[in-house]
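Line by line, the protein sequences are chains A and B.
Note that the first sequence covers residues 15 to 354 in this note's numbering.
Note that the second sequence covers residues 731 to 1015 in this note's numbering.
If you are wondering where the hints come from, they were derived from the structure by calculation, not from laboratory data.
No false leads were mixed into what you were given.
In silico DSS-like cross-links for lysine-lysine, where the CA-CA straight-line distance does not exceed 27 Å:
hint, chain 1, residue 1, chain 2, residue 2
1, A, Lys58, A, Lys173
2, B, Lys778, A, Lys299
3, B, Lys778, A, Lys86
4, A, Lys299, B, Lys743
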Amino acid sequence: MTRRVASVDQVSTTPLRLVTVEDRNVQIASTIAVPVIETEAQLKALIVSLSGVDAVGAEARAAKLSTRSIKKSTKLAAIEMAISMIDLTTLEGADTPGRVTSLCTKAMRPDPRDLTVPSVAAVCVYPDLVAHARSVLGSSPVAVASVATAFPSGRASLKVKLMDVREAVSAGADEIDMVIDRGAFLSGRLGQVFDEVVAVKEACGHAHLKVILETGELVTYDNVRRASWVAMLGGADFIKTSTGKVTVNATLPNALVMLEAVRDFAETAGRTVGVKVAGGIRTSKDAIRYLVLVNETVGSTWLTPNLFRLGASSLLNDLLMQRLKQQRGAYVRADEFSGD
Amino acid sequence: MSDARLDVRKTYKLLINGAFPRSESGRSYEVTSAKGAFLANAAQGSRKDVRDAVTAARGAQAKWWNATAYNRGQVIYRLAEMAESRRDELAEHVALAEGMNSRTSQKTVSASIDRIVWYAGWTDKIAQVLGGTNPVAGPFFNFSIPLPSGVVGVISVQESSLLGFVDAVLAPICVGNTVVALASEARPTPAVLLGEMTSSSDFPGGVLNVVTGLTGELAPVLAAHEDVDGLDLSGVTFEVGDELAALAAGSIKRVFRPHEKESDSSLRRLRAFVETSTVWHTIGQ
Chain A
15 MTRRVASVDQ VSTTPLRLVT VEDRNVQIAS TIAVPVIETE AQLKALIVSL SGVDAVGAEA
75 RAAKLSTRSI KKSTKLAAIE MAISMIDLTT LEGADTPGRV TSLCTKAMRP DPRDLTVPSV
135 AAVCVYPDLV AHARSVLGSS PVAVASVATA FPSGRASLKV KLMDVREAVS AGADEIDMVI
195 DRGAFLSGRL GQVFDEVVAV KEACGHAHLK VILETGELVT YDNVRRASWV AMLGGADFIK
255 TSTGKVTVNA TLPNALVMLE AVRDFAETAG RTVGVKVAGG IRTSKDAIRY LVLVNETVGS
315 TWLTPNLFRL GASSLLNDLL MQRLKQQRGA YVRADEFSGD
Chain B
731 MSDARLDVRK TYKLLINGAF PRSESGRSYE VTSAKGAFLA NAAQGSRKDV RDAVTAARGA
791 QAKWWNATAY NRGQVIYRLA EMAESRRDEL AEHVALAEGM NSRTSQKTVS ASIDRIVWYA
851 GWTDKIAQVL GGTNPVAGPF FNFSIPLPSG VVGVISVQES SLLGFVDAVL APICVGNTVV
911 ALASEARPTP AVLLGEMTSS SDFPGGVLNV VTGLTGELAP VLAAHEDVDG LDLSGVTFEV
971 GDELAALAAG SIKRVFRPHE KESDSSLRRL RAFVETSTVW HTIGQ
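Only chain A is shown next, with the shape it has when bound in the complex:
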């Protein structure tokens, strides 16, 4: 594997490129060439070289794509795809082993009456409940994801954050959702953010690393694009929009900016990074809009649970309700499925 330092002009970031049907799938660079970052100056030079995001264009594009109509059998397929991409999440102070047990049961078999419904991708819990979730899930294909690194604020020393990660991994977590230090990012200490991602990635070992950018606190789309790059350069397997704990959660334009960053990274560095949207996604309509956005930005290659995830809890019930509605031809009751 050849690694090299990217010179500034090697990073292509075409803003809002139109994707035609023919080249909808991203041309992933044939060799992995992730730029090696050795100094903060290198990192800053690379990040500063990223072109700015056309905010009006991004919002208009996301709004336009969200009007696309997905009906009948396509809708049914999209609903099942969305179910298979869910990280079924419970991140409450009041979480108990009992609650996690029911969550895991639901994750493995979302609709107990219908075995054709796929299981969700993962359950997402706090580190202290990882071992319990692992024991409930047993050998099922559902992964255990755990938030770590002083979630949701990320305000702890690196030592504490790494301990948090190691404990979750040793308890059986397959995936770690870390938060970046937004304070450091916003005050320009990109090197610190980068170093933390690198250190957490190392502490993860075999576990996949999702890096939460918390776009609701990053203020601008330019910051979202920059933070995406810092996370991906640091070794993130996924970049994730939000913790779900602040006022502004995942939005379509933010997801669009992140998907474009992922596309540009794949084209230049040759490594595919996944995207997880989380927070505030409650309806099937919302979920399908994200699927359309993924398909139109990075292509169908990304339409797999390995590269796209939806972090949610109440969304699953709505997807199941809509699925049943498609099958029965009548609107169904909300209490048809167990509550969370």
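Fit chain B to the supplied structure of chain A, relying on the hints for placement.
Positioned in the frame of chain A, the structure of chain B alone reads:
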């Protein structure tokens, strides 16, 4: 200064969750007077409007039922007050829609307003009539109380655009249900007006939802919707009613079908959408 001014024409809209949206579908249909003259462009509701209305009604039901019976009576009485102050407008619409002269239409409006007051009075009395204590062989105090069924779908009677509508929607509302009503297809404007009045009479949003449109298109959606607990089939023929009742049976709804000559003072409508809950309470030393 010229007296000429632009006509301020009214848009007849739906009532969903306390708001007045146009149909989600963007459609409208022409409503004519009984003599065939153009009257209004009414919103032509779609199945998604029905869906939204049911969601709103479901959301409002617990709050409406948890209000005291006294309070529900006050709210319904206030609707009568609002209707009284706009009675001429109501009478004009009833006259045009049903082809009445103005005296008859005024009479119909009076009867409708009186009926609203009648239902206002029933809110805190219905439990005494439909409920009570039951004699049981044991040391128990046993009593039954009527609870609302939940969300009631009303296919409002087609001919009587105001009085029929008042009966069909206020009976279930007065006992604690929330309602999604399909207004008379050919004569929707009095129902729309009454819906507007609920928003100035302390009705919580979603307690009464009014969808105008083609009954043949919307009624099956309402009848099959699994989150609707009761269905009033006043506005369809017996044959169509059978089909709709079969759809309603899919989710075990209560179904109300009026008698050919339903008496004004009949309690059948009040009885139609309640569930009797019986409680056993220990007594004795």
